[in-house]
Amino acid sequence: MLEGQFRNPSGCAVAAMISTKGRTFSGEDIIKSIAVMHDRSNGLGGGFAGYGIYPEYKDYYAFHVFYTDSIAKKQCEEFIETYYDIVNLSKVPTRQIKEITDAPLIWRYFVTPLKTKLDAAQLSEEEYVIRSVFKINTQIDGAYIFSSGKNMGVFKAVGFPEDVGRFYMLENYEGYSFTAHGRYPTNTPGWWGGAHPFSLLDLSVVHNGEISSYDANRRAMEMYGYKCTLQTDTEVITYILDYLTRRKGLTLEESAGVIAAPFWETIARMPKDQRDKETYLRNVFSSQLITGPFSIIVGFKDGLMALNDRLKLRSMVIAEKDDMKFIASEESAIRRICKDATNVYYPKGGEPVIIRLEKGVQ
Amino acid sequence: MAINFIEPLYEVVRNQDRCIKCRVCENQCSNEVHRYDSDLKVMLSDETKCVNCHRCVALCPTKALKIVKSDNCFKENANWTQANMTSIYKQADTAGVLLSSMGNPEPLPVYWDKILINASQVTNPPIDPLREPMETRTFLGAKPKDIVKDKSGNIVNNLPPQLELSTPIMFSAMSYGSISYNAHESLARAATELGILYNTGEGGLHEDFYKYGPNTIVQVASGRFGVNKDFLNTGAAIEIKMGQGAKPGIGGHLPGQKVTADVSKTRMIPEGSDAISPAPHHDIYSIEDLRQLVYSLKEASDYKKPVIVKIAAVHNVAVIASGIARSGADIIAIDGFRGGTGAAPTRIRDNVGIPIELALATVDKRLRDEGIRDNVSLVVGGSIRSSADVVKAIALGADACYIATGALLALGCHLCRSCHLGRCNWGIATQRPDLTKRLNPDVGSQRLVNLIEAWTHEIKEMMGGMGINSIEALRGNRLMLRGVGLTEKELEILGIKHAGE
Ligand code: SF4
Ligand code: SF4
Numbered sequence: 001m002l003e004g005q006f007r008n009p010s011g012c013a014v015a016a017m018i019s020t021k022g023r024t025f026s027g028e029d030i031i032k033s034i035a036v037m038h039d040r041s042n043g044l045g046g047g048f049a050g051y052g053i054y055p056e057y058k059d060y061y062a063f064h065v066f067y068t069d070s071i072a073k074k075q076c077e078e079f080i081e082t083y084y085d086i087v088n089l090s091k092v093p094t095r096q097i098k099e100i101t102d103a104p105l106i107w108r109y110f111v112t113p114l115k116t117k118l119d120a121a122q123l124s125e126e127e128y129v130i131r132s133v134f135k136i137n138t139q140i141d142g143a144y145i146f147s148s149g150k151n152m153g154v155f156k157a158v159g160f161p162e163d164v165g166r167f168y169m170l171e172n173y174e175g176y177s178f179t180a181h182g183r184y185p186t187n188t189p190g191w192w193g194g195a196h197p198f199s200l201l202d203l204s205v206v207h208n209g210e211i212s213s214y215d216a217n218r219r220a221m222e223m224y225g226y227k228c229t230l231q232t233d234t235e236v237i238t239y240i241l242d243y244l245t246r247r248k249g250l251t252l253e254e255s256a257g258v259i260a261a262p263f264w265e266t267i268a269r270m271p272k273d274q275r276d277k278e279t280y281l282r283n284v285f286s287s288q289l290i291t292g293p294f295s296i297i298v299g300f301k302d303g304l305m306a307l308n309d310r311l312k313l314r315s316m317v318i319a320e321k322d323d324m325k326f327i328a329s330e331e332s333a334i335r336r337i338c339k340d341a342t343n344v345y346y347p348k349g350g351e352p353v354i355i356r357l358e359k360g361v362q
Numbered sequence: 001m002a003i004n005f006i007e008p009l010y011e012v013v014r015n016q017d018r019c020i021k022c023r024v025c026e027n028q029c030s031n032e033v034h035r036y037d038s039d040l041k042v043m044l045s046d047e048t049k050c051v052n053c054h055r056c057v058a059l060c061p062t063k064a065l066k067i068v069k070s071d072n073c074f075k076e077n078a079n080w081t082q083a084n085m086t087s088i089y090k091q092a093d094t095a096g097v098l099l100s101s102m103g104n105p106e107p108l109p110v111y112w113d114k115i116l117i118n119a120s121q122v123t124n125p126p127i128d129p130l131r132e133p134m135e136t137r138t139f140l141g142a143k144p145k146d147i148v149k150d151k152s153g154n155i156v157n158n159l160p161p162q163l164e165l166s167t168p169i170m171f172s173a174m175s176y177g178s179i180s181y182n183a184h185e186s187l188a189r190a191a192t193e194l195g196i197l198y199n200t201g202e203g204g205l206h207e208d209f210y211k212y213g214p215n216t217i218v219q220v221a222s223g224r225f226g227v228n229k230d231f232l233n234t235g236a237a238i239e240i241k242m243g244q245g246a247k248p249g250i251g252g253h254l255p256g257q258k259v260t261a262d263v264s265k266t267r268m269i270p271e272g273s274d275a276i277s278p279a280p281h282h283d284i285y286s287i288e289d290l291r292q293l294v295y296s297l298k299e300a301s302d303y304k305k306p307v308i309v310k311i312a313a314v315h316n317v318a319v320i321a322s323g324i325a326r327s328g329a330d331i332i333a334i335d336g337f338r339g340g341t342g343a344a345p346t347r348i349r350d351n352v353g354i355p356i357e358l359a360l361a362t363v364d365k366r367l368r369d370e371g372i373r374d375n376v377s378l379v380v381g382g383s384i385r386s387s388a389d390v391v392k393a394i395a396l397g398a399d400a401c402y403i404a405t406g407a408l409l410a411l412g413c414h415l416c417r418s419c420h421l422g423r424c425n426w427g428i429a430t431q432r433p434d435l436t437k438r439l440n441p442d443v444g445s446q447r448l449v450n451l452i453e454a455w456t457h458e459i460k461e462m463m464g465g466m467g468i469n470s471i472e473a474l475r476g477n478r479l480m481l482r483g484v485g486l487t488e489k490e491l492e493i494l495g496i497k498h499a500g501e
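Respectively, the protein sequence lines represent chains A and B. So in the numbering used here, the last spot in the first sequence is 362, and the numbers never skip. So in the numbering used here, the last spot in the second sequence is 501, and the numbers never skip.
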């Protein structure tokens, strides 16, 4: 069975690093960082998201696509050509290594919606892109868009994360922010789509945990038009975040208060304004509450957010050095790439840590 | 004299060695089964009158009594059962519609019993409710479509009126008249203490109970008994009763002997008259009429109270619910075919309607398919028998459950199914002062509080086992359920997998 046809609980390692000054650096270090936590993954999935990696195409959506065969590729390209202007297309560069096998065809397209089509659709540009991604992923057999943001990209595969990094030659990319994931699924995923990060537009999520609210969350998100084809937690978490921030206009802090909502007894002790607000959010977005263990790192254009479940059932640590901030499942992963990182901090359950690029940084 | 064809179903067995002739049984049985023969100096019984309510058994100080199923039987026949034959004899005697009370007792499938609940192992830790917070607080009501922020970015509270429950259970509609003053007082006080709600049913609200308004749902049924502006504005929510699971398609029925002076005043009808509600609301012949009633009640209550529309689970319940969800209603209550009643025609009770499990599953799915699940909350009842049923209902998609029969059992009801006779020996379904005084509201409300607290505790344990620490993460979480011994079609309707999948 392929991922998407069954629920596949996973344990995991997560790591991320960002320069708050928007300084770019190579993907080398994030590979080293996640490699330290080798034992937290089992070779059945690894991946990275890099932000700021496509400066020359920063105004175009970068579609990264897996194809099982050339028929799927042809169909998908026909679709993309019908709705988008393609300014560049190429294979995603990879290096043959013995640890990574059964690679699908991996292609990359820099695109922008055709204006006439966009006007006719009467949708916002982002909604237009999301709908095309869903359409391709659910209707074109063998084609799967796994990255669709601007000036960012996801690289993932079945394998240990350090091998995945070498396979994609991540050291050749320069970005101001990277996230990484090593997966420990209980079943073989069967294909590459199920690896993390999961992403939609600029939003990417890496996650460690298994959420118990999954089906309540999934059914709610499907009602709002999101299609949970992978049956993974990461997928549904990404959709929830997109829904709350982009469609409902909540801030990331407010969204964190929905996903890992404070307990009622905590809310009762808050000052009135805050209490009213949290009560409102918990009531209105009750179907977006996530229970069960998780630690997630959310990548977005302007930064990173780290968030633990309300009981902190998964580990997560934060540290910094000058303009660099680091997040990881284990402190060792940070020490590996920055020996003298300071302000080591373990966020509490449900406490979002949001790291943003400094004001004025493009 | 005509021959009596009807044989008693039960025998009253008295252990004469134990019987001390205290005559408690005689005194307690309103059906006049027990009698003391002063010549023979023994207690005798006329079991033709016994309804098997166990009052005498429970109160006999020497445990001398038991009620057993009579082994006196007609010639065995799987088609013409004793029950079928007896019904014919009764109707041939009286030319009457057969009447019954409480829920459908027939051996039809109980889907709750074919659904099993999940628990976490290894990949996801169970949570211990004794050591970690475990939340059951529930809000009922429509959710706003859009989030509105003011100039400084603060969220504007645009919530329609909501009900807040400490646990997702409410006491379902039972009218004053069908049940006693003391039963109502017990329910009202327990709901208040528990932070949940009880429901007036269609008989209006006794003036003594207006003080429990914040924990009261006031009901407007087709008979409009006891409905006035004060009544509407006293409750926390207004329920329009379109139907009842025990008797879909017909209105309420309160036999005249239960319409005492006090009941007549509360209902605003003459003493001693049968209170028979019309089958339809005569101002609602279609969905757009319902919308008008919803909005007239909202007008009358200043848009401050959620409006509940209660329907019986019938074949096309999903379509009906979808219409209601677009009619301005805030909450839909669905009552399954096993729901109780104070009086219903037997044939209707036993043959009309569908199981709540299936109705709930299809309604929840339909509302989601149409993207309107957030327009309404779903409350289900008929019949919820335990905390496990509550957990299963919520995982199928309900926001909360209604219980009524369960609540009466807590008050002492033994399901003799004779409420319509008005002689309830437990002081519940009666208005006879000598009987109603048997139910002490101090004790009754405490027993109800105990029951709901016990269930809430069990719900928390099951949630913790699943690794869920807040009830909303259970709602609609159908992956937490598996069916056993169900057909593909049944699983498809319930939207769950089979055990082992
Ligand atoms: S009707 Fe009830 S109280 Fe009377 S004899 Fe039967 S069981 Fe006992
Ligand atoms: S309420 Fe009273 S009359 Fe009705 S079933 Fe229960 S015990 Fe019997």
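Accuracy of the hints is not assured; some may be wrong.
As a list, the in silico PhoX-like pairs of lysine-lysine whose alpha-carbon atoms are at most 25 Å apart [what the hints assert, rightly or not]:
id	chain 1	residue 1	chain 2	residue 2
1	A	58	A	117
2	B	145	A	227
3	B	143	A	277
4	A	58	A	272
5	B	41	B	75
6	B	114	A	248
7	A	248	B	265
8	B	265	A	135
9	A	301	B	149
10	A	277	B	151
11	A	227	B	365
12	A	321	A	359
13	B	365	A	248
14	B	143	A	227
15	B	143	A	272
16	B	265	B	41
17	B	497	A	227
18	A	359	B	149
19	B	149	A	272
20	B	151	A	272
21	B	151	A	248
22	B	143	A	248
23	A	277	B	304
24	B	151	A	359
25	A	272	B	304
26	B	497	B	114
27	A	277	B	145
These are calculated hints, taken from the structure and not from any lab test.
So, going through the hints one by one against the coordinates:
1. A/58 / A/117: holds, 22 Å
2. B/145 / A/227: Answer holds: residue 145 of chain B to residue 227 of chain A is near 20 Å, not above 25 Å.
3. B/143 / A/277: The given pair, whose Cα atoms are some 15 Å apart, holds under the 25 Å limit.
4. A/58 / A/272: Not satisfied, since the Cα-Cα distance of roughly 44 Å exceeds 25 Å.
5. B/41 / B/75: violated, 37 Å
6. B/114 / A/248: Given that 25 Å is the threshold and the Cα spacing comes to 40 Å, the pair is violated.
7. A/248 / B/265: violated, 51 Å
8. B/265 / A/135: violated, 64 Å
9. A/301 / B/149: holds, 23 Å
10. A/277 / B/151: Since the Cα atoms of residue 277 of chain A and residue 151 of chain B sit roughly 16 Å apart, the hinted pair holds (cutoff 25 Å).
11. A/227 / B/365: At roughly 16 Å apart (the allowed maximum being 25 Å), residue 365 of chain B and residue 227 of chain A satisfy the hint.
12. A/321 / A/359: This hinted pair holds, its Cα atoms lying about 19 Å apart.
13. B/365 / A/248: Judged against 25 Å, a Cα distance of about 23 Å means the pair holds.
14. B/143 / A/227: holds, 22 Å
15. B/143 / A/272: Cα-Cα ~22 Å, so holds.
16. B/265 / B/41: Violated: residue 265 of chain B and residue 41 of chain B sit about 46 Å apart, past 25 Å.
17. B/497 / A/227: holds, 20 Å
18. A/359 / B/149: holds, 23 Å
19. B/149 / A/272: Holds. Residue 149 of chain B to residue 272 of chain A sits at ~18 Å (cutoff 25 Å).
20. B/151 / A/272: The given pair, whose Cα atoms are some 20 Å apart, holds under the 25 Å limit.
21. B/151 / A/248: Since the Cα atoms of residue 151 of chain B and residue 248 of chain A sit roughly 16 Å apart, the hinted pair holds (cutoff 25 Å).
22. B/143 / A/248: holds, 13 Å
23. A/277 / B/304: Holds - the C-alpha atoms of residue 304 of chain B and residue 277 of chain A are around 20 Å apart, at most 25 Å.
24. B/151 / A/359: holds, 22 Å
25. A/272 / B/304: With Cα atoms ~22 Å apart, residue 272 of chain A and residue 304 of chain B stay inside 25 Å; holds.
26. B/497 / B/114: holds, 12 Å
27. A/277 / B/145: holds, 17 Å
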